[in-house]
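**Q** Residue-level listing of the chains:
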Amino acid sequence: AQSVTQLGSHVSVSEGALVLLRCNYSSSVPPYLFWYVQYPNQGLQLLLKYTSAATLVKGINGFEAEFKKSETSFHLTKPSAHMSDAAEYFCAVSVAAQKLVFGQGTRLTINP
Amino acid sequence: KAGVTQTPRYLIKTRGQQVTLSCSPISGHRSVSWYQQTPGQGLQFLFEYFSETQRNKGNFPGRFSGRQFSNSRSEMNVSTLELGDSALYLCASSPGTENIQYFGAGTRLSVL
Chain A
1484 AQSVTQLGSH VSVSEGALVL LRCNYSSSVP PYLFWYVQYP NQGLQLLLKY
1534 TSAATLVKGI NGFEAEFKKS ETSFHLTKPS AHMSDAAEYF CAVSVAAQKL
1584 VFGQGTRLTI NP
Chain B
53 KAGVTQTPRY LIKTRGQQVT LSCSPISGHR SVSWYQQTPG QGLQFLFEYF
103 SETQRNKGNF PGRFSGRQFS NSRSEMNVST LELGDSALYL CASSPGTENI
153 QYFGAGTRLS VL
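Top line first, the protein sequences correspond to chains A and B. The numbering used here applies: residue 1484 is where the first sequence begins, and numbers increase by one. The numbering used here applies: residue 53 is where the second sequence begins, and numbers increase by one.
Bound conformation, chain A alone (with noise of 0.2 Å):
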């Protein structure tokens, strides 16, 4: 069965400094793999999507990442931490039409 495991349930950085979250996938067929962000009361909003056509994929708010099929992961990153990018983080992986999987979500806090 396909699925995702997210390492880290919490992750502090400060301002300004490099923002790595990790996502590994586990999948028999060419996965579809999403990043969603989660603010305080809200729904989720899209970060980013894989779907095969680049290995290194570019999203919203500076956010970027990297599918390594080799080591089974799909990493978000950004290269400098902004105190609005404080929320939760999700790693999805579809596992049918229409149907996520969803990690158990990565709470960033970003330090002063």
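Bear in mind the hints are in silico, worked out from the structure with no lab data behind them. Small disclaimer: the values here were computed from a predicted structure and weren't measured. Errors might be hidden in some of the hints.
Listed next, with one range per pair, are the computed distances between beta-carbon atoms [claimed, not checked]:
1) B/T66 <-> A/P1562: 48 to 56 Å
2) A/A1580 <-> B/R125: 18 to 26 Å
3) B/R107 <-> A/T1534: 18 to 26 Å
4) B/Q70 <-> A/E1498: 45 to 53 Å
5) A/S1563 <-> B/T132: 48 to 56 Å
6) B/G92 <-> A/A1536: 34 to 42 Å
Here a beta-carbon is modelled for each residue, glycine too, at the ideal position from N, C-alpha and C.
Go by the hints and put chain B onto chain A.
**A** Then chain B, alone, in the frame of chain A:
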């Protein structure tokens, strides 16, 4: 273009009651999916409707049901509410031809 609209935003019910949640997808989108989000279980897929037909279903009891209307609007019903049904219920819409979902702000259901 308006986003996914979920109503109501907040709901308080008592055990044993039933509840109906509504979701209006993005204009032109024919697929609507529902997810339950709880602190303990995270984000879990409930079901997906496309052109008024349920295409996918998650592992939830029969108390959870849904339907989709000809205008693509969808409703989710939970009968005989239990305390454990307290959660944020998220609706997502998709064109159906593209493997990507856009989420609404959710309905927060509290069961007392």
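**Q** All hints, please: hold or fail.
**A** Structure-based check of all given hints:
1. B/T66 <-> A/P1562: 48 to 56 Å: holds (50 Å)
2. A/A1580 <-> B/R125: 18 to 26 Å: Holds, at about 20 Å.
3. B/R107 <-> A/T1534: 18 to 26 Å: holds (20 Å)
4. B/Q70 <-> A/E1498: 45 to 53 Å: holds (47 Å)
5. A/S1563 <-> B/T132: 48 to 56 Å: Since A/S1563 and B/T132 have Cβ atoms about 51 Å apart, the given range 48 to 56 Å holds.
6. B/G92 <-> A/A1536: 34 to 42 Å: Hint holds: Cβ distance 36 Å, inside 34 to 42 Å.
Comparing the model with each numbered hint stated earlier shows that all of them hold.
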